[in-house]
Amino acid sequence: MTTIHAKGISRRGWLRWAVILGAAAALPGRLWAAVARPEAAFGATALDEALAAMGATPQVHDGIQFTTPDIAENGAVVPIRVEVDSEALPNVSKVSLLVEMNPNPLAASFDIPPGTEVYIETRVKVAQTCRLYAVAEADGQLYMQSRETKVTLGGCGG
Amino acid sequence: MAGRIKIRAQKKGDMTEVKALMRHPMETGMRKDQAGDPIPAHFITEVSVLHGDQPVMQGHWGAAVSANPFLGVRFAGGESGDTVRVVWTDNQGGTGEGETTIR
Amino acid sequence: MKRHHLGFAFFTAWLCSVPLAADNGVFDQYRDLMGDDNPAVFVIDEGEELWFTPQGPESATLEACDLGLGPGVTAGIYVRFPRYFADTDAVMDLESRLVHCMTTIQGRDLEAVTAKPYSLRGDFGTEMEALVTWLAAESEGATIAPEQTHAAERAMYTLGEEIFFYRAGPHDFSCATCHEQSDMRIRLQALPDLTSHTGAADAWGSWPAYRISQGLVRTMGWRLRDCFRQQRWPELRMGSEASIALQTYMAVNAAGGTMTAPGLKR
Chain A
1 MTTIHAKGIS RRGWLRWAVI LGAAAALPGR LWAAVARPEA AFGATALDEA LAAMGATPQV
61 HDGIQFTTPD IAENGAVVPI RVEVDSEALP NVSKVSLLVE MNPNPLAASF DIPPGTEVYI
121 ETRVKVAQTC RLYAVAEADG QLYMQSRETK VTLGGCGG
Chain B
159 MAGRIKIRAQ KKGDMTEVKA LMRHPMETGM RKDQAGDPIP AHFITEVSVL HGDQPVMQGH
219 WGAAVSANPF LGVRFAGGES GDTVRVVWTD NQGGTGEGET TIR
Chain C
262 MKRHHLGFAF FTAWLCSVPL AADNGVFDQY RDLMGDDNPA VFVIDEGEEL WFTPQGPESA
322 TLEACDLGLG PGVTAGIYVR FPRYFADTDA VMDLESRLVH CMTTIQGRDL EAVTAKPYSL
382 RGDFGTEMEA LVTWLAAESE GATIAPEQTH AAERAMYTLG EEIFFYRAGP HDFSCATCHE
442 QSDMRIRLQA LPDLTSHTGA ADAWGSWPAY RISQGLVRTM GWRLRDCFRQ QRWPELRMGS
502 EASIALQTYM AVNAAGGTMT APGLKR
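Chains as they are written, first to last, in our numbering: chain A, 1 to 158; chain B, 159 to 261; chain C, 262 to 527.
Hints are all accurate, no fakes.
Below, computed lysine-lysine pairings styled on DSS-like, alpha-carbon distance capped at 25 Å:
#1 B:K170 / A:K94
#2 C:K526 / C:K377
#3 B:K190 / C:K526
#4 A:K150 / C:K526
#5 B:K177 / C:K526
Keep in mind the hints are simulated off the structure, nothing from the lab.
Let's have the full structure, built from the sequences with the hints guiding it.
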């Protein structure tokens with residue numbers, strides 16, 4: 001494991017930070033600019049609204065393997081894994097995670113360049129027992145898989 | 159103390175598996191502190207994983223990603239000793255970066 | 262946090278009496294998905310930095326602090342706590358010992374350093390939490406072996422045992438009400454039997470712990486204070502005799518077990 005302190009309080013820290021900023025500025029422009037943040041979908045307050053903002057209604061696809069716990073001890077941290085079988089569903093360029101009953105259902109969206117396996121592990125907050133959706137975009141079409149996770153303690157509190 | 163990242167990058171067959179843990183409160187803006195005052199929203203909005211200078215994944219996040227976020231991804235290729243970096247920015251203009259080498 | 266007191270009383274009593282579900286598979290599934298990535302690693306780093314950071318009117322680091330094995334020795338100290346210190350003529354837990362070092366070595370104000378030892382909602386960790394987490398991690402893998410040679414240390418154990426079984430408060434609760442049997446749980450959390458070696462060793466050995474639901478590391482001092490709150494007892498103060506006594510009771514029951522902290526809790 002390697003740790004980098006990005007925000008130092010010391011003078012040395014600031015100097016190092018300046019170097020990091022410089023390096024970030026030198027990165028290819030496409031890194032931050034290429035794919036815009038899906039603001040409308042993030043702002044949506046209902047699942048249908050979020051999906052509509054993302055495009056079409058997704059079709060269920062078995063090539064998407066979506067793992068969430070049946071029961072989460074605490075909604076503040078619900079581990080999630082999305083894996084797409086590239087033979088069953090090729091050319092996936094984006095994966096989005098939605099939590100039906102959250103104030104803003106869209107939790108995260110990932111842009112995936114060719115060469116990256118469609119495999120994402122992360123942890124999200126789930127306000128209450130509800131369905132979680134993994135939506136994959138391939139060749140302009142949306143596909144999905146969903147699962148219900150029961151929450152014994154809501155995750156709104158973070 | 160935001161800004162820190164712990165990263166592991168491990169060769170798994172012809173893939174490289176990256177696991178990153180970030181130090182961030184990921185406040186939704188909907189909570190109140192002990193005194194009842196609202197805690198301002200503070201969360202990572204953009205996160206990128208880079209192999210050398212090549213982005214292998216770019217994430218857009220909302221406040222629903224858990225505090226001290228965890229991210230695991232896999233990309234093709236990558237050799238032992240190659241650099242893998244994770245870079246993030248948050249809604250308050252904060253940034254963080256971590257780096258490791260593939261083993 | 263306002264709750265309906267009566268309702269919550271019944272609720273709590275009912276929760277304590279729920280037998281452990283036969284199906285533990287769902288808990289294991291959740292834990293497996295979580296993996297072993299514990300955000301406490303950040304807090305360990307922060308604690309180590311704080312130890313070496315000059316603070317207070319004396320602008321001193323804590324390197325001269327004697328945690329029982331000599332000034333500056335941090336490895337293996339946590340498993341010996343609570344213990345008697347001749348310089349203060351008192352049995353101390355790690356937290357009260359750190360307060361002692363902050364006031365004597367760094368010259369910091371007692372009220373200031375004890376004002377807020379534990380994070381409140383919306384906080385992202387305190388100095389005390391970070392220092393205790395790092396120092397506990399410095400004992401990771403070590404055998405729990407609290408000192409019991411001094412008469413004051415043995416008296417502290419006896420007092421702790423007494424408080425553990427003492428029923429009081431509006432709910433007529435004791436620590437033992439929830440922690441004297443091994444087959445009880447609250448929600449999905451199994452309640453350890455702290456009167457048994459195994460239960461005490463698992464509990465004592467896994468705190469401080471990263472509390473997933475709070476995004477924070479919590480210390481045993483906080484854990485006990487929260488148990489008091491749940492029993493509707495008066496606030497348990499950090500470094501108080503009652504807190505140190507209960508910690509001594511638990512640590513001695515845990516003796517021979519292994520320190521695995523910082524743990525990862527729901």
